[in-house]
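S.K.: Protein chains in written order, with the numbering used here: chain Y, 15 to 359; chain A, 176 to 569.
What the hints contain is simulated information worked out from the structure, not anything from laboratory work.
Each hint should be verified, as a subset may be incorrect.
If you want the ones that stay clear, here's a sample from chain Y, every Cβ over 10 Å from chain A, calculated [to be verified]:
#, residue
1, K31
2, P69
3, A176
4, A177
5, D188
6, G247
7, W290
Interface residues of chain A toward chain Y, partial, derived using beta-carbon atoms under 10 Å [said to hold, decoys possible]:
#, residue
8, V450
9, Y453
10, A461
11, E529
12, A530
The C-beta atom is built at its ideal place from N, Cα and C for all residues, glycine as well.
So you can see what is in the structure, the chains are spelled out below.
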Amino acid sequence: MSVFTLPQAAKEQLLLKELVTLVDHHRANCAPYARILSASGFVAAQSIAELPWLPVRLFKNLELKSIPDDEVFKVLTSSGTTGEVSRIYLDKAAAATQTRQLGATLQTVLGPKRLPMILVDTKSLLKDRRSFSARGAGVLGMATFGRDHVWALDESGAPDLAALQDFLAKHGGDPFLIFGFTYLVWLHLYEVAKENGLDLSNGILIHSGGWKKLVDQAVSPEEFRRRLAADVGLTKSHNFYGMVEQIGTIFLEGPSGGSLYCPDFADVVVRDPLTWAELPPGQPGLLEVVSTLPTSYPGHVLLTEDLGVVHGVDDGDWPGKRFSVLGRLPRAEARGCSDTYQGAA
Amino acid sequence: MRFRFGAPGELTAPSDERLAVGDPRVVDFLSRFARKLLAPAVARRHPELGSLGYFLRPAELSRAVERMRREDAYVFPRGNVFHVPPANVDTIFVYSWALSALAGNHNVVRVSERSATAADTVLAALNETLADADPVIGRTQRMVTYGRDDAVTGALSAWCDLRVIWGGDAAVSAIRKFPLRPSGRDLTFPDRTSWAALSVPGWRAADPAARKAAVTGFANDAYWFDQAACSSPRTVFLVGADPDGVAGEFLEALAEVVEHRGWLVDASMAVEKRVNAYQLAATGAATALLFPANEITALTLAGVESAPRRWIGAGAFPFASVASLLELVPAMNRQDQTFSHFGFAPEQVRAFAEALGGRGVDRIVPFGQALTFSSIWDGYDLPSEFTRLTTVQT
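The following block holds chain A by itself, in its conformation from the complex (with noise of 0.2 Å):
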């Protein structure tokens, strides 16, 4: 076992440190984290991290520890905490952690050994910071690197009042066979489907720096993190009646966006493309295919219901067609996540989050927020999720 921060010994002993929501030692050592994020060097380096420092700034700790405050009960920390972070989306272990962190509660990360770059960047600001934090930082958090030992997982499992299981569903239930106390819970984040929807009238309206600006936004969420992040959009839905020639400007102002970017699709990933874009004609749910460089892979669907809900490569853009965005109202599932759009009226958003009330989508949010990390987040109020509610009379 590797401590990556926080002070090392036996991770489940019993402690007397005591946080509070909102502790100001925990927002004082975040915003200090949140600065060393955003100095240039790094955020050019990796803008996600830039993103991660802006989600940190004090303004938006005070909002969150706001938001965890209430007038009907008292809100203390949950407790203790462990976090199972996914291995290749390398911030989400510390939006969590840190919501956690700022709920007052002890926490414990396990990260994950094929963690990249970023998260050693993260775990080495993070170690900075900590040089002249208060000590029950490093006594109360802490990120540990452990393979797939069972016993630690177990321990950890038995010890805390909340695990936190990124990574799908083969992680979910592999993490799941280990028994939770009698009080504690799950809070889960299993495989996710995200979907982009292109208003066709919009889109015509819309002048050339408008289209520019949403192609931007929509290349960003779709080729960070090579399209396979959970709120990745993956097949765009084109809204509006007659919609020719609206795809093919679309994925010409992309292709655009992608030089320009000088985003590469290296040959292992054009054939996992093939593979997959073929084998969705193969079985009649792509009726046409386009290839215009390994960057850039166009499927024209058979219908709403042929869209994929699998991976299918970073750069891969499945077209299907309706008439309104209600008609993609039967489509959706609880598998559903993140519903980015470009080009609708506001009432139309909210008719359509209406609409589907409750049977899929958490999140709907315009072309270029897909990526954007939220405290309410798959559904979940975090910081409520985070800490634990007393209630009194007198």
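Extracted from the complex, chain Y is given alone in its bound form (with noise of 0.2 Å):
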């Protein structure tokens, strides 16, 4: 079953009213948001674009949730690069529907049964507990959706060649899952796949965590797909796009590659950086991100930092919105008289 399946027109349709709804289950039952929103003047919206939008760094500067404290089930945290931290509160019912939606999403490449699975990481990410907050939540999340893992890279962070191998002996000759960093996966799947000869042409490869690094070397999304592809037999490929702000909703790449997918219950939108009007497909600008799964906290329509654009609507592998993602908005620095001599002794 799939969570792609709604056009545009009738997707917005029912996101709106149920985003609305939203807007009130939050605004009488998160005090800050209220008054974000009394302050700002907000009164109501017609279109999804006109939804008031929190900024998501936000959640790493004030403490944001509509549940009782006594309801707090699980707070996850994301780490920044600034070292500040997003904090996002979950209920009972708010845990089980993001990872039943994650789950939903993931199926609609996966198949409804769990596959072997490759981790794209070491296990030792697990025991760093610095590290751990990011990309071990991360890998541990996704590692629910699959059996039998093996980790691609040993303790020591090495490519762990005979772990692949006797992987691919047991599971390769039937569909299996591959997770990991899209860098990860260049540097250390990729390459030890192509030199070693393996077979990953059964693989079903998800993957996350932006292009930068790779952009660096110059392999670009486009390189990355017909690399794997034609090098080691890996066709088919989904790069996703999620924060932890909003747990459960990923963008995910359709099976053509080339763009992300909102499913049925998120859409995003991009704005104009200088009006903050919502620009039409083909216009780069700042990304939203919007999603009916935040009930706990306000994190329903969410200001990215991150730079999008809309390549199409309903005219794709599967209908709405068709996007990418570009890069990040650079921090704002202040010119001011601080920051003489930081990180002395």
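Grab the two chains, each in its own frame, and use the hints to assemble them into the complex.
M.R.: See below:
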């Protein structure tokens, strides 16, 4: 069963109704959110683009939740580049929904059964408490969608060829799942598989984590797909875009590649960074992500600090908008009197 | 280590060179340096260097030297001075260094690696001036760039009689880890907050030309250095009964100036301001937010006590209303530096200063003067900090 079914018009109609209800829900249950809406003069939205958005970084600076303290079931954290951490509060229902919807999204490309799984990472990742929250949580979260896991890297972070060969001997004849961060897949799976003639043609790759490190090595998303298919037989690969602040919602690359798609319960809006109005397809701007999953915290309409562009609507592998993430908006820096000699001793 | 100015060599080596307070060789050097900064091509490209050149005119220099003289004591150079200026306000290091040089000190200035183009222009002008200056200048005045090298910072700290630390609380704490010699002292410039006050009756009484001049001055104060210099005004206090409409008129006039100047605020900064403004709304500190354009963000504060003391972005203006300047006195503290004003009678401003009684605020200046450096800065009389006194009884 797919969660990529709704044409844009039908989706917007459905989402708008649910999101308007969510705005009211969070307004009634999250006082800081209510104060933001009232200070910015929000009254009503006639379209998804008119819904009031929160900058995603707000979750690093504020405790935003729409549930009482005693209903907090899980607190998710993300480590940011500057050491600030987002805190996302889930109750039991929200935690269950996000797992279920993430599963449903992935089943669109993985099928209903759990597949044997290669984790393109190192097990020692789970031991290092500092890096655990970001990468470790991502890997652990995805691991639940596979079985008979193997780690592609040994404890020291070096490729574990023997483990991969052993895995492929056992499971390589049927569909299997590969998960990892894009640059790790490129550096530590693709290169190793190519050098050692590993056959990954039954693999389905799910990967994420941004292209910056690869673009630095002159590997574009198209090149990544082309070389994986040509050199190691890996033709099914799906990049995805998602963030802890909208946990459970991922925007998944379609089978033919090149575009990310929105599941039925989510959407994106690209905004002009000068006027903040919605931009039509083809014009790059700041990405806003919209999802009906956040019920326990007001993360249903978030302005990211990522630049993106909508390529088309209802004209791709799946219905709805298809888009790409183009990179990150640089962080604003003050030209002030501070910051002379930091980090000394 | 890169020598940006002065004779390369051991920075902390003992020196036989002696300069006097107001040494003619230094005065000559600084006046010729000022002329280069005031050249139209330079001033056009970097208006802040024009202000610096103005500050270093011969008349200003002799006034500063005059202020160092005393009847009751001999005034001598303090000795060795180590300056650690901020990375991002390109010209501060020159003000601090020039006054210290004028006082006859041997100076070492650590110029940040991240210093911007205005700093390069300054260094080029300094070096051009050096070419036909008395060699004593290059031997006693050195500017260097080095990374976070604790050995160098430690040696210079042990060498100097006075260490001048700009750059806020974090910089002060970082540098303070390096011990001074027992007689050494620190002159510190920690994090500061600066304010603006607009008299409601004063604004209403002002004619369009006076309003425009006020707003233009305020805009310069706020937008140079991205409203992040210690003296950049942030919160605007509307002072007087019945302020309705004044903030709106002020913002409208401000928008015109900003548009006329062509100042732009990019998307990153706009997002930064949204984050900070939403945060103030979320906690209840701000009750209304306006985002008319990326260049201007306006916030209505719940009250004077909600005025933020941290930077919230370039072109972000919280407003709070009070009946009189005296009502602001309890809200001021030692962190507060510059208080710029428009539309008040001189006696109102003086009464405010007297009521403060030293609890905070170092400078009270009209709109447009917030960034104008002066030899009394952050509550210090810099020429007197840069000198030592010898008394004689015969």
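S.K.: Now, for every hint given, state plainly whether the structure supports it.
M.R.: Status of the hints after comparison with the structure:
{"no.": "1", "hint": "K31", "result": "holds, 25 Å"}
{"no.": "2", "hint": "P69", "result": "violated, 5 Å"}
{"no.": "3", "hint": "A176", "result": "holds, 44 Å"}
{"no.": "4", "hint": "A177", "result": "holds, 42 Å"}
{"no.": "5", "hint": "D188", "result": "holds, 47 Å"}
{"no.": "6", "hint": "G247", "result": "holds, 42 Å"}
{"no.": "7", "hint": "W290", "result": "violated, 8 Å"}
{"no.": "8", "hint": "V450", "result": "holds, 5 Å"}
{"no.": "9", "hint": "Y453", "result": "holds, 5 Å"}
{"no.": "10", "hint": "A461", "result": "holds, 6 Å"}
{"no.": "11", "hint": "E529", "result": "violated, 28 Å"}
{"no.": "12", "hint": "A530", "result": "violated, 27 Å"}
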